[in-house]
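A.B. asks: Top to bottom, those sequences are chains C and W.
Just so we're aligned, residue 24 is where the first sequence starts under the working numbering, counting upward by one.
Just so we're aligned, residue 140 is where the second sequence starts under the working numbering, counting upward by one.
Because the hints were derived from the structure by calculation, they are not lab data.
For every residue, glycine included, the Cβ atom is placed at its ideal position computed from N, Cα and C.
Any given hint could turn out to be false.
[Unchecked claim] Just so you have them, the derived chain C footprint on chain W, three or more residues with Cβ under 8 Å:
id: 1; stretch: 185 to 192
id: 2; stretch: 285 to 297
id: 3; stretch: 350 to 358
id: 4; stretch: 372 to 386
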Amino acid sequence: MHATTAEASLQQIRADVNRRKILDQVFVIVGMLIMFSALLVLVILFLDLVREGAPRLNWDFLTSFPSRKAERAGILSAWVGTSLIMLTTATVSMPIGVAAAIYLEEYAPKNWMTAIIEINVTNLAGVPSIIYGLLALGLFVYQFNLGQSIAAAGLTLSLLILPIVIVATRESLRAVPRAIREAAYALGATRWEVTAHHVLPYSTGGILTGMIIGLSRAIGETAPLITIGALSFIAFLPESPFKGEFPFFSFAWLKEAYTAMPIQMFNWVSRPDPAFQVNAAAAGAILLGMTLLMNGVAIYVRYRFRKRINW
Amino acid sequence: MTELVAVSPTGTPAGLKFRKARDRFIEAGLLLAALVAVFTTLAIVIVLVVESLPFFRVVSIVDFLTDTMWIPLFAEPRYGILPLVAGTLVTTLVALAVAIPAGTIIAIYLSEFAPYKLRETIKPALELLGAVPTVVYGYFALMIVTPFLQKLIPGLPGFNMLSAGLVIGIMIIPYVASVSEDAMRAVPNFMREGSYAMGATRFQTATRVVVPGALSGIAAAYILGISRAVGETMVVAIAAGLQPNLTWDPTEPAATITAFIVQVSLGDLPHDSIGYQSIFAAGLVLMLMTLVFNIAGFSLTRKFRETY
Chain C
24 MHATTAEASL
34 QQIRADVNRR
44 KILDQVFVIV
54 GMLIMFSALL
64 VLVILFLDLV
74 REGAPRLNWD
84 FLTSFPSRKA
94 ERAGILSAWV
104 GTSLIMLTTA
114 TVSMPIGVAA
124 AIYLEEYAPK
134 NWMTAIIEIN
144 VTNLAGVPSI
154 IYGLLALGLF
164 VYQFNLGQSI
174 AAAGLTLSLL
184 ILPIVIVATR
194 ESLRAVPRAI
204 REAAYALGAT
214 RWEVTAHHVL
224 PYSTGGILTG
234 MIIGLSRAIG
244 ETAPLITIGA
254 LSFIAFLPES
264 PFKGEFPFFS
274 FAWLKEAYTA
284 MPIQMFNWVS
294 RPDPAFQVNA
304 AAAGAILLGM
314 TLLMNGVAIY
324 VRYRFRKRIN
334 W
Chain W
140 MTELVAVSPT
150 GTPAGLKFRK
160 ARDRFIEAGL
170 LLAALVAVFT
180 TLAIVIVLVV
190 ESLPFFRVVS
200 IVDFLTDTMW
210 IPLFAEPRYG
220 ILPLVAGTLV
230 TTLVALAVAI
240 PAGTIIAIYL
250 SEFAPYKLRE
260 TIKPALELLG
270 AVPTVVYGYF
280 ALMIVTPFLQ
290 KLIPGLPGFN
300 MLSAGLVIGI
310 MIIPYVASVS
320 EDAMRAVPNF
330 MREGSYAMGA
340 TRFQTATRVV
350 VPGALSGIAA
360 AYILGISRAV
370 GETMVVAIAA
380 GLQPNLTWDP
390 TEPAATITAF
400 IVQVSLGDLP
410 HDSIGYQSIF
420 AAGLVLMLMT
430 LVFNIAGFSL
440 TRKFRETY
């Protein structure tokens, strides 16, 4: 009698354990399934863009201006605009972002002002991008009278990616061991010398990674550019930043009107004529390709630098 | 006694006084750069409030918050923000219905089940999902997801909130998954070991020990996802239609706050027209909504915070 109850409960426990083990395996399968279907979306999306846009993915597409005829329209002004905007964004956001990160990580005392700056950086990362567009519309376009210029677009996107650059830079500064700093201080270096000669060189990889990730975010941003009035039909190129004679460069392009890759794609995607959807797909394939490439480079840079440094 | 002169690595002798002065100068510059973040926040608040003041001089706040019609460009305009808020909430809810379960399951899988190598490969790949330009996601929703849904739901309009919401959901999966996973991995191993020692399986440990322990971080991840979904613009502007429509039915077309801002920006209304000023009022509401979610998230995070 006693033995059989023990037997029965033992069997029950075994059944229970088995059930739980099966549950474990079911979860592994469900988890992998969801994860890979999420990744599959990315693959399908890219392949579909390439397939749909294939008829337009050629040299003509890259070297033609927008046109009312879908089969003659191209993205010349769009990619030139995007390149110049990215140049402006990188030039503005890199020094400010890195300097802010250095301040917060290496200099900032623990006081209320530092706390306020930190809270602001965190919050700005969560502000919707279209709000940056409204800010830029009120500030850059109307107050500073920059109008619909490359400068306004570049400044807008700089503010947008600033939190990304700051956070990434801080992380890579934090990864430099204290001992490096202390060794430099022990030799009489000032705080700036410690930072500039020792900490910064070690964190270059992380800073570069953050910068590339930030720019890859900026390159696809559409909403803020629409808000500050990016045009979608630009049939001329801004003045070249490079000049044949001294001083070999010019900044006239900063004040010129522009269009950008995502703006051009949005313009095509919102037209009812299906011929323009082919253009939209082609532009999307190139835009997505660029974004993925930049992210790939960022991952590679991070990996390389991590491998090279042995503390 | 001779004075000690430090030589900088560039070889130029630099007096201590000069080096200290230079340090103070540089520190001030760095502080200024850090303050850009504060100025940006202030500028956002000031621009939104100042630019929407003329709007609120014409439209009373009560009408703005209670009127059920948003037709600012009509001959007899009405400015009730409710339809836009409803559109925003519906697309956000659809997005969360995708992103929260999927993101949480992926996070649990990656943190508790996946082998190290797989995790290190999959995480950056997943983050690519969040890096796709939103205009490309808009194309995806309009040209791929909507036709597919139309096969499942006959009579689904070409523009609808369901398709836009689903795509936003996919877009924010990496945000939810990545932040939750970080939170779960921060749960110390001895807690897992304690659970295993009691005979719990991995799944039991994950759901009853790790997830409760990481709840504050997971809440933060959800809030991040919500903010992204509320502020998402291009997907809804392309795939959900631009007609303000007070409805809770995701299969209908509707405009969100963000889509409305895009719509007005695309037109050529003069800067001093009320239709134009209404986008700043709409932006103010959007900002307040994100703020409310963030404050809620912050207090949730504090409530659930576990210290080890």
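A.B. asks: Against each hint, give a clear statement of whether it holds in the structure.
C.D. replies: Structure-based check of all given hints:
Note: the stretch 185 to 192 of chain W has 4 residues with beta-carbon separation from chain C under 8 Å; the three-residue rule is met and the coverage holds. Requiring three or more residues with a Cβ within less than 8 Å of a Cβ of chain C, the coverage given for the stretch 285 to 297 of chain W is violated, as only 0 such residues are present. For the stretch 350 to 358 of chain W, the stated coverage by chain C is not satisfied: 0 residues place a CB nearer than 8 Å to a CB of that chain, which falls below the threshold of 3. Look at the stretch 372 to 386 of chain W against chain C: 4 of its residues bring a Cβ nearer than 8 Å to a Cβ of that chain, three or more, so the hint holds.
Against the hints set out earlier in the document, violations occur for numbers 2 and 3.
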